[in-house]
Structures are given as structure tokens and as C-alpha cells.
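So the chains spell out like this:
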Amino acid sequence: MTDSKLSSSSGYEDSPDYQQHLSKVIADYDHPAGLIGELVAQLADAFWWINVYRRDKEQIVIAQMTTILTDASVYVSRNEARWLETAEALSALVAGSGLENDAANLIEDLMVQGQHNLASLRSEAVSRVLTKIDTVDRLIDRQFKNVKLLMQAIESARFAPELHKKLQLEVEQLELQIQKAHEDQHLEVDRQ
Amino acid sequence: MKISISKLIANRSNALRSTGPRSELGKRRSAANSTRHGLNSLLTQQQSEVGRDFSSLVADAIGRGYSERDANALVATLQLGRAVIDAKHRAYQEKPESEKVEALTRREWIRIVRDTQIPESQMRESDIRWVGNLMFKCGQQDHDPVSQLGVKIEEHRKLMRYEQRAVNQIRKAARIKK
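Here the protein sequences come in this chain order: A and B. First residue of the first sequence: 83, per our numbering; consecutive thereafter. First residue of the second sequence: 577, per our numbering; consecutive thereafter.
Hints in this document: simulated from the structure, not taken from any laboratory. You may find that some hints are simply not true.
The calculated lysine to aspartate or glutamate pairs, modelled on DMTMM-like cross-linking and capped at a C-alpha distance of 20 Å, are [what the hints assert, rightly or not]:
no.	chain 1	residue 1	chain 2	residue 2
1	B	K748	A	E237
2	A	K247	B	E730
3	B	K734	A	D223
4	A	K247	B	D646
5	A	K214	B	D636
6	B	K671	A	D96
7	B	K753	A	D223
8	B	K734	A	D219
9	B	K728	A	E244
10	B	K713	B	E731
11	A	K247	B	E644
12	A	K214	B	D720
13	A	K214	B	E730
14	B	K728	A	E95
15	B	K671	A	D216
16	B	K728	A	E252
17	B	K671	A	E162
18	A	K248	B	D646
19	B	K713	A	D96
20	B	K676	A	E162
21	B	K753	A	E254
22	B	K734	A	D216
23	B	K753	A	E237
24	B	K753	A	E244
25	B	K728	A	E237
26	B	K748	A	E244
To give a feel for the contact side, a few chain B residues facing chain A, derived at Cβ under 8 Å [claimed, not checked]:
no.	residue
27	L654
28	H665
29	M736
30	E739
31	V743
32	R747
Pulled a few chain B residues facing chain A out of the computed Cβ check, cut under 8 Å [claimed, not checked]:
no.	residue
33	L601
34	G602
35	A637
36	R640
37	G657
38	V722
39	Q724
40	G726
Cβ coordinates follow ideal geometry from the N, Cα and C atoms, glycine included.
Here chain A stands alone, though its shape is the one from the complex (with noise of 0.2 Å):
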């Protein structure tokens, strides 16, 4: 991390993690310092929570296709192991990795008695937190604004020295031209 960045307070950038996440985006743009520095740093942690809501879109979902294969959520069932073990067994199941024998019976068993199979049993509890799945959304859409804004951002700040000497010859041009025709000016006035 560059040294002129800014200080959190939290201290979420100690967490390996969000170190290796930012490290990471931080090199692809050549490890700048500085102004960018920051830019690129706020621009990773957008990258972070799209990462993040994406895994918490899926836990809820898996949440919800546990409690109604359960028929209890998680508090009010007080029997938090069984909770659990569904829900492993699920998030398995849906991530398409191999369960063990026992999960797997598990959830077939479930399946069965509830008259769910896997695609109605998503599409069910989808439809049961919908409202917060699309706040997870809009987090998701502001978090792809957020990189759009934040890459034009750092494109203005990186062209800004070549931007800036640009306009300071467009300046000189104007300023001969003036001096030209105040010039030419006075040339013509003097031939009359």
C-alpha cells in the first residue's frame, strides 16, 4: 500500500484477506502512489463489496432453501446443528461440488418431504426474500457505477500533467496569434 494513503479507522485493511485484495488490484495498475494511489485503493474496495454482496445474495438465498427444507429458521428452530448441516449441504449442492453420502441423504430425504426438488425449491425461497435480494441489487449496480466513475476518475487524474501542458501551448498559440494580428495591425497602419 502506498504510504500517502489515506488512514482508515476500522481497520478492515489489517484483515489478510482485504490485503491480498487490494495488493492485488493495486499492481495490475503498476503499483502507483500517491493521488491514484488512493483512487485505485477506492476503486479496489468497489471490487471488494461486489465480491462480497455476490456471496451474501447466495447465503441468503441458501438461508431461505434451508428454512423451508427445515420448516424452521435458524433461531427459532433452537436445533442450530441440524440448521447447519442442511445448509452446508445445500450450499454444496448448489456450488455443483460432490456431497458425502450422508448430506446427500439428508437432502433427498428433506426433498422428498417437502415435494421440493432443487430448481423449485430456489425458485421458492427466492421469491421469499426478493425485497432483500434486490437491495442486494442496487448495492451490486451502485458498486459498477462506483468502478465506471472511479476509472474515469483516475483517467483524468492520470492524462491531468499531459491534459494540463496541452492547454497551457493551446494558451501560448492564442497569446502569438493575438500578438501576430496586434502586430499585423500595426504594420498595415503604418503602410497607410
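Could you slot chain B onto chain A? The hints should help.
Relative to chain A, chain B alone:
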């Protein structure tokens, strides 16, 4: 610091009978009770109030061709952006176990409140139920991961308008003015 249930209940029942702070210091302190993230004050902050940590960024911006005024404005918006990022991460932090309220049923909580209330508080049955319900809801929220996630997402939803404003201002301030 974890406190006992009876102490917690006594605090809450006493709080119900409170008439508010009396000293000037107490009044000033309680005036800041509803301060959540302080982002509104940053939004109205003058550009000259750029923090000390930012002075090197102002110098860097000036070196890149921004005028002193524009450099200050740009860095002030970055300061706001950073404050929003901090607030977002704070909202997503896990509550420490020691601060969580025990996960008991509504009935259990009401019974505990009834059994452990101090006589001086002179709580009525409706107060006992109110405190019991409050404790139950806190316990439910503290121990249900889905509910906790919902709270975090809601906090981020509330921060979204600050985020939008901060990033739009950064984009606008980063443009070199002709």
C-alpha cells in the same frame, strides 16, 4: 464488557424512568447520541478543512497540474469517499460474542425480567413485557446469521446515497478545468 442479565435489566428499566441529562457536558454528549457515521458533516465541510493526512495528496494533485483550489476540492472528495468506505466496513463488522444478548425464548426473557427486577424500579407488568420482548428481539437478531446479514445489508442501503454522492463528486473534481 459483558454485564449480568440482572444488571442489564436494571439498566434498561432505570433508563425508562430517566428524565435525561442535566449537566451541560451530559447534554452535549447526548446530543451526539444519534450520530451514526458523521458523513453529513463531511458533506457540508469546507474544502479548506482537508485533514493532515491529505496534505501529501494535495501536493501530488498540484504537481499533476490541478490548481490549488481544485486540488483541495479533489482531495476533500477523496476524504469523503474514504469516510464512506470506513462506515461501510464498520457496518459489516461482526458483533463481539461478549456483546451479544443470550438467545432465549420470549417467555424465558419475560420470566427472567420478572424474577430479577429490582424492587426500586417499580416496573409494571406492561414494562416487564416490553423489556422482555426487547431482550428477546436483541437475542434473536444477535444469534441468527440471516437476520444479522439483513441488518448489515440495510445499513449499506442507508449508506448508498452518501456513496453515490461521494463517487460522483470524486469524478467531477478529478476533471481538469479549462
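Results of checking the hints against the structure:
1. Distance hint between K748(B) and E237(A) is fulfilled; the C-alpha atoms sit about 12 Å from each other, no more than 20 Å.
2. In summary, the hint linking K247(A) to E730(B) is not supported, as the alpha carbons are separated by about 47 Å, beyond the 20 Å threshold.
3. Straight-line distance between C-alpha atoms of K734(B) and D223(A) comes to about 15 Å, which keeps the hinted pair within the 20 Å bound.
4. Of the supplied pair hints, the one linking K247(A) and D646(B) holds, its CA atoms being roughly 17 Å apart against a limit of 20 Å.
5. The straight-line distance between the Cα atoms of K214(A) and D636(B) is roughly 42 Å, outside the 20 Å bound, and the hint therefore fails.
6. The hinted pair formed by K671(B) and D96(A) meets the criterion: a straight-line CA distance of about 18 Å does not exceed 20 Å.
7. The straight-line distance between the Cα atoms of K753(B) and D223(A) is roughly 29 Å, outside the 20 Å bound, and the hint therefore fails.
8. Distance hint between K734(B) and D219(A) is fulfilled; the C-alpha atoms sit about 14 Å from each other, no more than 20 Å.
9. Between the alpha carbons of K728(B) and E244(A) the distance comes to roughly 43 Å, so the proposed pair goes past 20 Å and is violated.
10. For the proposed pair K713(B) and E731(B), the alpha carbon gap of about 18 Å is at most 20 Å, so the pair holds.
11. At most 20 Å may separate the alpha-carbon atoms for a hinted pair to count; K247(A) and E644(B) meet this at roughly 17 Å.
12. The suggested pairing of K214(A) with D720(B) holds, with an alpha-carbon distance near 16 Å, which does not exceed 20 Å.
13. Pair hint K214(A) plus E730(B) holds up; C-alpha atoms about 9 Å apart against a cutoff of 20 Å.
14. With a CA separation close to 19 Å, the supplied pair K728(B) and E95(A) stays within the 20 Å bound.
15. Straight-line distance between C-alpha atoms of K671(B) and D216(A) comes to about 25 Å, which puts the hinted pair past the 20 Å bound.
16. For the given pair, K728(B) sits about 52 Å from E252(A) by alpha-carbon distance, which is inconsistent with the 20 Å threshold.
17. Our distance criterion of 20 Å between C-alpha atoms is met by K671(B) and E162(A), whose separation comes to about 19 Å.
18. Of the supplied pair hints, the one linking K248(A) and D646(B) holds, its CA atoms being roughly 18 Å apart against a limit of 20 Å.
19. Annotation: proposed proximity of K713(B) to D96(A) is violated, straight-line Cα distance about 33 Å (limit 20 Å).
20. Straight-line distance between C-alpha atoms of K676(B) and E162(A) comes to about 17 Å, which keeps the hinted pair within the 20 Å bound.
21. A C-alpha spacing of about 17 Å is found between K753(B) and E254(A), which places the hinted pair at or below 20 Å, so the restraint holds.
22. Only pairs whose Cα atoms come within 20 Å are accepted, and K734(B) paired with D216(A) is accepted, the gap being roughly 14 Å.
23. Our distance criterion of 20 Å between C-alpha atoms is met by K753(B) and E237(A), whose separation comes to about 15 Å.
24. Simply put, K753(B) and E244(A) have alpha-carbon atoms about 13 Å apart, close enough for the 20 Å limit, and the pair holds.
25. In summary, the hint linking K728(B) to E237(A) is not supported, as the alpha carbons are separated by about 33 Å, beyond the 20 Å threshold.
26. Taking the CA atoms of K748(B) and E244(A), the gap is about 18 Å. The hint holds against a cut of 20 Å.
27. A least Cβ separation of about 5 Å between L654(B) and chain A falls short of the 8 Å threshold, and the interface hint therefore holds.
28. This hint holds: H665(B) has a C-beta 4 Å from the nearest C-beta of chain A, less than the 8 Å allowed.
29. The closest approach between the C-beta of M736(B) and any C-beta of chain A is roughly 6 Å, which is under the 8 Å cut-off, so the hint is satisfied.
30. The closest approach between the C-beta of E739(B) and any C-beta of chain A is roughly 6 Å, which is under the 8 Å cut-off, so the hint is satisfied.
31. With a least beta-carbon distance of about 5 Å to chain A, the hint placing V743(B) at the interface is held under the 8 Å criterion.
32. With a least beta-carbon distance of about 4 Å to chain A, the hint placing R747(B) at the interface is held under the 8 Å criterion.
33. A hinted interface residue such as L601(B) counts as satisfied when its beta carbon comes closer than 8 Å to some beta carbon of chain A; here the least separation is about 24 Å, so the hint is violated.
34. For G602(B), the interface hint is violated, the least distance from its beta-carbon to any beta-carbon of chain A being 26 Å, above 8 Å.
35. Restraint check, A637(B) versus chain A: the minimum CB separation of about 5 Å is within 8 Å; hint holds.
36. Interface restraint check for R640(B): the shortest CB-CB distance to chain A comes to about 4 Å, inside 8 Å, so the restraint holds.
37. Satisfaction of the interface hint for G657(B) is found here, the shortest Cβ-Cβ separation to chain A being roughly 5 Å, below the 8 Å cut-off.
38. Interface restraint check: V722(B) against chain A, minimum CB-CB distance 4 Å, threshold 8 Å, status holds.
39. Using the Cβ-Cβ criterion of 8 Å, the hint placing Q724(B) at the interface with chain A is not satisfied: the shortest such distance is roughly 10 Å.
40. Residue-level restraint check for G726(B) holds (minimum Cβ-Cβ distance to chain A is 6 Å; threshold 8 Å).
Violated hints for the displayed structure, listed by number in ascending order: 2, 5, 7, 9, 15, 16, 19, 25, 33, 34, 39.
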